[in-house]
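Quick note, the sequence shown lines up with residues 2 to 200 if you use our numbering.
Hints in this document: simulated from the structure, not taken from any laboratory. No experiment lies behind these values; they were computed from the predicted model shown. Virtual Cβ for every residue (Gly too), placed ideally from N, Cα, C. Any given hint could turn out to be false.
FRET-style restraints, in silico, Cβ to Cβ [what the hints assert, rightly or not]:
#: 1; residue 1: Asp53; residue 2: Glu109; range: 18 to 28 Å
#: 2; residue 1: Phe188; residue 2: Thr66; range: 20 to 30 Å
#: 3; residue 1: Val162; residue 2: Gly96; range: 33 to 43 Å
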Amino acid sequence: MSTGIPNARMLFWSVLSSGLLLLFVAPAPGYAQGNYLLAPNDLVAVTVFQEDDLATKSRVGNDGTISVPLIGTVKVGGKSVDEAAQIIRSRLAKGYLVNPQVNVGVEEFAKRLVTVLGEVQKGGTFEFPNQGPLDLLQAIGLAGGYSKVANPGKIVVKRRVDGKETVLLVNGKALAAKAGVERFEVFPGDTITVAQSIF
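Whenever a hint applies, use it, and build me the whole structure from the sequences.
Pasting the structure below:
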């Protein structure tokens with residue numbers, strides 16, 4: 002796949018819902034559309050080999066569903082394109098087609114936003130610059146970089162996971178020292194807050 006969100010391998014000490022996560026981030030795999038999780042407002046294209054009349058384009062609804070000929074509504078939100086294709090394939094194979102070959106791709110990605118606050122030059126909400134991945138240091142760059150009194154070693158990232166807020170504490174200084182080797186993936190909807198140095 003050409004674009005998507007990679008699943009970074011993470012070694013973590015503790016995870017608490019609405020709590021704190023202290024982690025080290027291992028090198029992330031290549032960015033591929035197969036790892037991207039479909040989200041509301043993505044425009045999804047579905048094709049079935051040698052079944053041109055089943056080809057369709059459908060925008061993912063707020064409930065995470067798309068409409069597919071013959072089988073109707075299909076829940077694809079939060080699924081990769083490969084997972085979505087498998088779901089559609091299974092549905093079509095139940096009384097409609099024999100061994101259908103289904104392909105799912107993203108024609109148009111929904112707008113992806115990240116909020117950067119705290120000790121940065123120009124805090125605010127920013128759109129991901131492209132459909133590729135965005136890491137923590139790049140997100141801070143969108144906000145003009147650190148302020149003079151920033152503490153890069155203490156960056157708080159808040160994100161919602163399965164409907165619950167999770168708080169991640171990340172050492173941006175350590176990430177910068179290992180640029181190109183380790184990275185912290187930013188997800189749409191994340192709120193990043195850079196702490197102030199204590200003198």
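These are the hints, each one checked on the structure:
1. Evaluation of the 18 to 28 Å hint for aspartate 53 and glutamate 109 yields a pass: the beta carbon distance comes to about 21 Å.
2. A hinted range of 20 to 30 Å for the beta carbons of phenylalanine 188 and threonine 66 is consistent with their spacing of about 21 Å.
3. Our hint of 33 to 43 Å for valine 162 and glycine 96 holds, since their Cβ atoms are close to 37 Å apart.
In terms of the numbered hints stated before, the structure departs from none.
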